[in-house]
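K.L.:
Sequence:
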Amino acid sequence: MAANMYRVGDYVYFENSSSNPYLIRRIEELNKTATGNVEAKVVCFYRRRDISNTLIMLADKHAKEIEEESETTIEADLTDKQKHQLKHRELFLSRQYESLPATHIRGKCSVALLNETESVLSYLDKEDTFFYSLVYDPSVKTLLADKGEIRVGPRYQADIPEMLSEGESDEREQSKLEVKVWDPDSPLTDRQIDQFLVVARAVGTFARALDCSSSVRQPSLHMSAAAASRDITLLPWKSLTSIIEYYYMWKTTDRYVQQKRLKAAEAESKLKQVYIPTYKPNPNQISTSNGKPGAVNGAVGTTFQPQNPLLGRACESCYATQSHQWYSWGPPNMQCRLCATCWLYWKKYGGLKMPTQSEEEKLSPSPPTEDPRVRSHMSRQAMQGMPVRNTGSPKSAVKTRQAFFLHTTYFTKFARQVCKNTLRLRQAARRPFVPINYAAIRAECKMLLNS
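Going by our numbering, the sequence shown opens with residue 4, and the numbers climb by one from there.
One thing to keep in mind: the hints can contain errors.
As the list claims (entries may be wrong) - Below, computed lysine to aspartate or glutamate pairings styled on EDC-like, alpha-carbon distance capped at 16 Å:
#  : residue 1 : residue 2
1  : Lys67     : Glu119
2  : Lys179    : Asp162
3  : Lys86     : Asp63
4  : Lys35     : Glu269
5  : Lys44     : Glu181
6  : Lys44     : Asp63
7  : Lys275    : Glu42
8  : Lys44     : Asp13
9  : Lys351    : Asp128
10 : Lys351    : Glu130
11 : Lys183    : Glu169
12 : Lys283    : Glu447
FYI, nobody ran anything at the bench for these hints, they're computed from the structure. Since we're looking at a predicted model, the values are computed, not measured.
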């Protein structure tokens, strides 16, 4: 029950596609719609696979700079497999919000700011744990360091001098040092310390004798009265009696009652937590017959007898040939499979446990691919308002909206100055629903120009 209960502030997995990895989001609001469904307003986190190769190189450069500043080797003692899996734990925070159906939540995770003093193995040893150190802006495609910084190291801590031996003088210039506020060899006795504590408590008693609530209320009352006086000056043509009469009359109108009901309904629609039951099995599951494991790389329900043992591996990640459940992965023409463990890893971390040749080629420039995972990823970028890179196909090109603005002509600006008596801007502003006689203004302006 508690595992399926999600609250505001939780980091959760969202499933937008049965074949793509989960989206990682942080719940900001839980709103109940008019139809009774629950929508979650979430903050977007992006994986390395979601950003361009140029930004990935920038992120790797930033990681090396952190490693040099901290004077600790982050990835020196890691194996190639651990380095590969560590990249799957890195996320990029964004300031982008989106609304997603709460029924698409598929579990909880943990996301934290990268701790420079902690070993990166702590992230690999914990399940559903991610870290971030950079902020990604999908609109302008930039990576910036987060403002949070842990000030640890010789750049921020004081240098402790060596202990002076007996008879050795301190050669430091005392005038340049800070004021000493604590001395371990204090000459005070216990009685003197007790007397100081009694005096400190007495001073605190006198300080609490002041009624802070009344002293704070009086200035607030004066400020409120001054603000009300300034508000009245904004309506000089209205008397104070008519303003008060309008205020109480407004509270009896249907518009006020409707507005009050809308506010109450909005408060009721704000949820603090939501329960999401166990979701249905993934449609990418490969059905098994007679309880036997699913087929290896080949058609479902048939047995594949390879001549090369390397071609007979069933799982594209861990190369296992036995699993209680198989999942189809990748392009349909490739007929690739993942075991249950590797499929769960793919959905959560957005990659395979072992690096593949396709992932290595992804870092180098290559021609457009027909991988459906790439197409679905690009469609997700389009939904999130991110510009999509052109792959040569007219379908992938996103139309740019033409920018426009309202430009006032010189004739209109001139008419505002010379036809002030006819236009009467202040009077027109007080009556916004009364149309302005543009014909009379145009005629007067032309007459003044001709004369």
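K.L.:
Could you work out which of the previously given hints the structure breaks and list their numbers from low to high?
P.N.:
Violated hints (numbers, rising): 5, 6, 11, 12; every other hint is consistent with the structure.
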